[in-house]
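Join these two chains into a complex; the hints should help.
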Amino acid sequence: DGGITQSPKYLFRKEGQNVTLSCEQNLNHDAMYWYRQDPGQGLRLIYYSQIVNDFQKGDIAEGYSVSREKKESFPLTVTSAQKNPTAFYLCASSPLGVSNYGYTFGSGTRLTVV
Amino acid sequence: DQQVKQNSPSLSVQEGRISILNCDYTNSMFDYFLWYKKYPAEGPTFLISISSIKDKNEDGRFTVFLNKSAKHLSLHIVPSQPGDSAVYFCAAARTTSGTYKYIFGTGTRLKVLA
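Those protein sequence lines, which keep their order, are chains A and B.
Our numbering puts the last residue of the first sequence at 141; the count rises by one with no breaks.
Our numbering puts the last residue of the second sequence at 546; the count rises by one with no breaks.
Looking at chain B on its own, in the form it has when it is part of the complex (with noise of 0.2 Å):
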């Protein structure tokens, strides 16, 4: 069971316009959520995180939002530049259970197309 959830596998956009990638999670009992960055043949870098007590959280140009009522978290980047092209997974953990892990989403490839 796939608790999170990304159902893009890829996306392509002009640079300089905004991207949008998704990620739906079906536990309610997450409280804390990532997005990471990989390029290949790399580890996977953190890129911005949110809690659930708040909705929106923003670091530069990354702004990642979160719907707790739907369930699902969006990372917006404005603008794309061509070295955001990467892969994008997004996850999730439920940190008041003590010990936990991170679920991982599959993955959105993101091409930015100069």
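The following block holds chain A by itself, in its conformation from the complex (with noise of 0.2 Å):
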């Protein structure tokens, strides 16, 4: 089955610790996302890549990084600088051009800061 898969699903990190989610996907898709849902503000755009070796900064990139080394995996690093990095975390990925579906998100991975 094709699909997009996130791991873990729940992460704890401490205070001053970088931490890399992952995100795989399986549906042949140039396009990947990371977003960011917090309550009340719906989903925020982190980093998007459309191609491999490249990426750009979404809303709220500040203190998070990616990679895009395949087509497949666009992990998200939140890094120290990240202050308020609890939060509910979801990767989607969609083909490039229009799409009647719009985006495939994974299950999300829920990062908690102790």
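Incorrect hints may have been included.
To be verified - Under the rule of at most 30 Å between Cα atoms (straight-line distance), these lysine-lysine pairs were calculated in the DSS-like manner:
(1) 110/A - 36/A
(2) 533/B - 110/A
(3) 437/B - 36/A
(4) 488/B - 469/B
(5) 543/B - 469/B
(6) 98/A - 469/B
(7) 437/B - 84/A
(8) 533/B - 84/A
(9) 98/A - 533/B
In short, the hints are calculated from the structure, not lab data.
Shown next as structure tokens:
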């Protein structure tokens, strides 16, 4: 079955640590995205990539970094510079061009700072 | 600047009645709109879409209406069922710009009462 897999589902981070969230897709989609969901704030775009080895900042990129070395993979690193990292993180993918179905989302990773 | 707004954070409806979820947008260049449904601790799943060349799209119990002059779209669910209880996000994009991204609203939490 084609889909998009995020791991881990739950992640705990100590203050000052970097953590990396995994996102893998086997849909052959060119574009991949990272969103953050906070209560009452909807989905906010962190980073996106439309081609391997290229990515763009979204609306709230500060304190985050990404890489896109393979088409299938788009890991997100939450660095110690991110002041309020506790949130639900969603990865998504889509083909380039118009898709009637928009994005396909993963099941998310809940990150908690302890 | 919130380009896509869902002004009702929550809505409660009796089972069997109609649920109406609303979404407003400010960018008149948006030409494609989506609704997603999201359960807690899961990723959003695509529900229904509409192009700006239409004013209505129907899929089973779900109908989306688009009023371009008012920059308003709505999702009607008839009849509402307890399993429809979830957070609903609307999203909009300007697909004619080549590379594009969807802008998401803040979500409306629907509770269908049995």
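Sort out which numbered hints this structure fails and list those numbers smallest first.
-> The structure conflicts with no hint, since it agrees with every one listed earlier.
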